[in-house]
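Line by line, the protein sequences are chains A and R. Each residue of the first sequence is one higher than the one before, starting from -5 at the first, in my numbering. Each residue of the second sequence is one higher than the one before, starting from -12 at the first, in my numbering.
One should not assume that every hint holds.
Reference excerpt, derived from the structure (chain A facing chain R, CB under 10 Å, subset only) [claimed, not checked]:
hint: 1; residue: 30
hint: 2; residue: 266
hint: 3; residue: 271
hint: 4; residue: 376
hint: 5; residue: 407
Since the hints were derived computationally from the structure, they do not count as laboratory data. Just so we're clear, the structure is a prediction, and the values are computed from it rather than from any experiment. No residue lacks a Cβ here, since even glycine has one placed at the ideal position from N, Cα and C.
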Amino acid sequence: MTATGLAPSIAPTERWDVERIRQDFPALHQQVHGKPLVYLDSAATSQKPRAVIDALVAYYTADNANVHRGVHLLSERATEAYEGARGRIQRHLNAASAREIVFVRQATEAINLVAASFGRCFVQAGDEIVISAIEHHANIVPWQMLCEDRGARLRVVPVDDRGDLLMEEYARLLGRRTKLVAITQVSNALGTVTPIREIIGLAHAQSVPVLVDGAQAVPHLPIDVQALDCDFYVFSGHKAYGPTGIGVLYGKERWLDRMPPYQGGGDMIKVVTFDRTVYNDLPYKFEAGTPHIAGAIGLAAALDYLDALGLDRIDAYEHDLLRHGTALLTAIPGLRLIGTARHKAAVLSFVLDGVHAHDLGTILDQHGVAVRAGHHCAMPVMQRFGVPATARASLAFYNTRAELETLAAAIEHAREMLA
Amino acid sequence: MSDLRELYQQTILDHHRKPRNFRPLEAANRRAEGFNPLCGDQITLALRVEDGVIRDAAFQGSGCAIAKAAASMLTGSVIGLRPEEAERLFRRVHAMLTGEANGAADLGKLAVFAGVREFPGRVKCVTLAWHTLRAALAGAATPVSTE
């Protein structure tokens, strides 16, 4: 069985009808603290469409078995569905081959895999890794650990006050010692969409490979890894309407081939004796142990759903929401948006005079509005902008203009209470 | 919304807007830093302990309304106490916040934090100052963390 999932409530040719789309997401229809849920925390994790939930249930109900092992029918069906999901992801990213698609737990694990494996192979004392000032901790700490281990040096591309990367500084940081550039495509804390093609082009001009953190990009933008020409691309399923616990590492075959395994165990081997082990081919060399089979199938269903809605239409609708939200929030006295990059994805990060983000989060929650309050796993971003924390409303295509108005009213209430 | 009023009681809002003992304490002989990595709240607590009694207490730093009010009211509550009395007070506040004790009958002004019990995610905002107090009294050299 291949996971096909249910089609979204609206066809690509129909008018965008957010109320019908919302019907596809069961979790959105509930009350919290006696108020209708306004879910504005999709950058932390998105809600799941019925198509994804049904794909998980169908797999566990009918096909559950281990992959790549049994000769029995269920194992064959599970293997077919799991490998079908890999093919689905390959098509979504337009990767050249399914061998370049490695299933991991999430973007974090994908980055750790590259840091450990690529790092062990290619990074020596005195080498440099370039990241940016707006990275998530997941794209900072693994490189710090690698640098500490190898005696290498971490270089950081600074950002301006809007949250845009300083590209001249970036170009200056690239050099003979640079072994890898690892930069986000969309910032989780600020919403900045980075000029990723230019970033990759400048690095490649110096023969430096590039890892793109696509955790916040895949839910919003169409991705073509061959057009980008990135060397690695990572993302998490759960932010892209799929299940938690499944993520993807895309790597160019010529890199993955030369990289040693990340973890040892079953499935990643061809032959094991106590004298030596022959590693499996790509991508299995990097998939030790029983994988998250259901998660991969659920992620494929999520991508089916996204493609059926149309990422171009999603992008257009979310930008309309972002404009509306920006206008509503900037009209609130004492509110300051953190992150005003020229190109932004659906994130509204802000601080309010006299009201700490944590208090704001609690008060908004009582209004039914779910936002994230804190440092968003990006403490250096908070330091750069001189704030201890921000409140972040992150938007998805299932949000409405009316929900943003509820957000604005709840912020006003917090201001009246505390400021 | 009634829970919100329980949480942000007038006394708490008053201490948030006008924190008491929010000042440097140059004569301090006990000092500790507390940090909540989840939200970035950070306070420094300074004490002057003489003849086995906390003679003065002051704090500095940044935090949410609950954390600031908690630190403000803590300083007011522990001045004049012996360290072991302050420790017993901490235990009673903690028991109130975690629901181990019923009500807050004998906590005086500190009973205003009883509403925080309904907001488990905010309990650490209150306890940050108290953990920092314990670290200061114990002479801890490294900052304490709520995590």
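Checked hints:
1. 30: violated (15 Å)
2. 266: This hint is violated: residue 266 of chain A lies away from chain R, its Cβ roughly 41 Å from the closest one there, beyond 10 Å.
3. 271: violated (39 Å)
4. 376: Result: holds, 6 Å to nearest chain R Cβ.
5. 407: holds (9 Å)
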